[in-house]
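Whole structure, please, built from the sequences with the hints as guidance.
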Amino acid sequence: MNPEVVAAATGMATTGEQVAFWILGPLALLGAVGMIFAKNAVHSALWLVLTMLSVGCMYLAQGAQFLGFVQIIVYTGAIMMLFLFVLMLTGRESGDSVIESLRGQRVAALLVGIGFVGLLVSGLVHAVTGVEPVGLAAATAERGEMGSIANSLFTTFLFPFELTSALLITAAVGAMVLAHVEKRPGEKRSQLKMVNARMRSGRMSPLPGPGVFATSSSNATPALLPDGSVAPESVSSLVDQYESQDVARRHREGAELTALESIEHPHHAELEGRHRS
Amino acid sequence: MNPDYYLVLSALLFGIGAVGVLVRRNAIVVFMCIELMLNAVNLSFVTFSRINGNLDGVVMAFFVMVVAAAEVVVGLAIIMSIFRSRRSASIDDANLLKY
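Here the protein sequences come in this chain order: F and V.
In case it helps, our numbering puts the first sequence at residues 75 to 351.
In case it helps, our numbering puts the second sequence at residues 7 to 105.
Calculated from the structure, these hints are not laboratory results.
Some hints could be false.
To spell it out: a stretch of chain F is covered by chain V in this simulated footprint if at least three of its residues, at any positions, have a beta carbon under 8 angstroms from a beta carbon of chain V; those stretches are [stated by the list, open to error]:
hint, region
1, 102-115
2, 122-136
3, 152-159
4, 227-234
Quantities reported herein were computed from a predicted structural model and do not represent experimental measurements.
Ideal Cβ positions, reconstructed from N, Cα and C, are used throughout, including at glycine.
Right under this line is the structure:
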């Protein structure tokens with residue numbers, strides 16, 4: 075019997091699995107750390123996808139093939155897409171606030187994390203040293219992996235399995251109740267009401283367009299008011315305000331605004347002449 | 007190689023997730039950190055199942071996945087409804103049960 079087969083039978087990791095672990099493990103850690111440090115929530119979600127894919131591949135390497143594929147399909151496929159969906163619905167406005175509401179909370183959190191991991195690792199190492207891993211080969215020998223899981227799911231764990239169906243239905247109904255917006259049919263605003271509301275609001279005219287055609291092709295460019303100042307309402311709220319101010323500054327740098335005002339407009343002169351006569 | 011390394015990795019991932027929950031302020035990112043912690047626990051379940059040589063750990067990991075899916079659906083719906091009324095997904099802003 076070759077040593078690889080013996081190793082698989084006892085549950086010790088083979089050389090191939092070790093190589094896979096030392097590639098996937100750092101990738102998983104990288105994804106987790108990247109998720110915490112990413113400023114943009116969408117980047118966080120993508121880092122988490124990396125971690126979940128690595129963990130799924132580790133399940134495959136450990137011999138839990140079915141669970142590995144379920145991990146990839148359910149977690150990275152369904153759950154993370156749900157996350158991205160909600161991120162897109164909430165938009166850029168859901169950005170992280172940088173202000174620390176409790177002083178020293180980040181340092182304290184880091185210390186708590188390090189202490190917690192130290193505690194867990196020391197406890198685990200203490201508990202597991204000297205334990206000979208058995209491996210899943212014997213447990214799945216008779217029916218195969220799927221058959222063995224089905225066997226235990228539908229006999230030993232039948233009641234919890236039935237309970238999960240109740241849980242899933244409750245969750246689906248609960249999500250529908252929470253996300254549903256009640257709109258009564260009679261509440262539609264008539265044109266008259268909309269006109270009145272518009273006249274009473276401070277601005278009767280539509281919002282100004284961005285300064286796209288005048289100076290640049292980016293819609294982060296704000297329009298300039300007659301006095302040369304920036305009109306912030308001309309840029310969509312989805313565009314970063316800092317970015318649009320930056321763009322405005324760049325475009326106004328070499329531009330002498332007084333020169334624009336002193337340009338002799340042909341039409342203008344014609345009008346002036348007609349006025350004089 | 008002993009499969010203990012997987013347990014150490016899962017402890018590290020769990021710790022990173024816990025620190026993320028404490029540090030981040032965006033409710034959706036906090037949720038992602040919770041998902042990371044659930045994943046770390048699943049990894050340790052699978053490893054323990056391999057060490058002990060029976061499939062109970064794998065079945066437990068399935069149940070954790072089901073509960074995680076239900077939790078994500080309800081939690082994201084709550085975040086959406088809070089965002090709709092307050093225009094913010096920061097956990098510092100939501101300090102009242104009413105409004």
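Outcome of the hint check:
1. Residues of the region 102-115 of chain F with a Cβ under 8 angstroms from some Cβ of chain V number 7, which satisfies the need for three, so the listed coverage holds.
2. Only residues whose C-beta sits within less than 8 angstroms of a C-beta in chain V count toward coverage, and the region 122-136 of chain F has 7 of them, enough to reach three; the restraint holds.
3. Counting residues of the region 152-159 of chain F whose C-beta lies closer than 8 angstroms to any C-beta of chain V gives 4; at least three are required, and the coverage claim holds.
4. Only residues whose beta carbon comes within less than 8 angstroms of a beta carbon in chain V count, and the region 227-234 of chain F has 4; three or more means the coverage holds.
Checked against the numbered hints listed earlier, the structure breaks none of them; every hint is satisfied.
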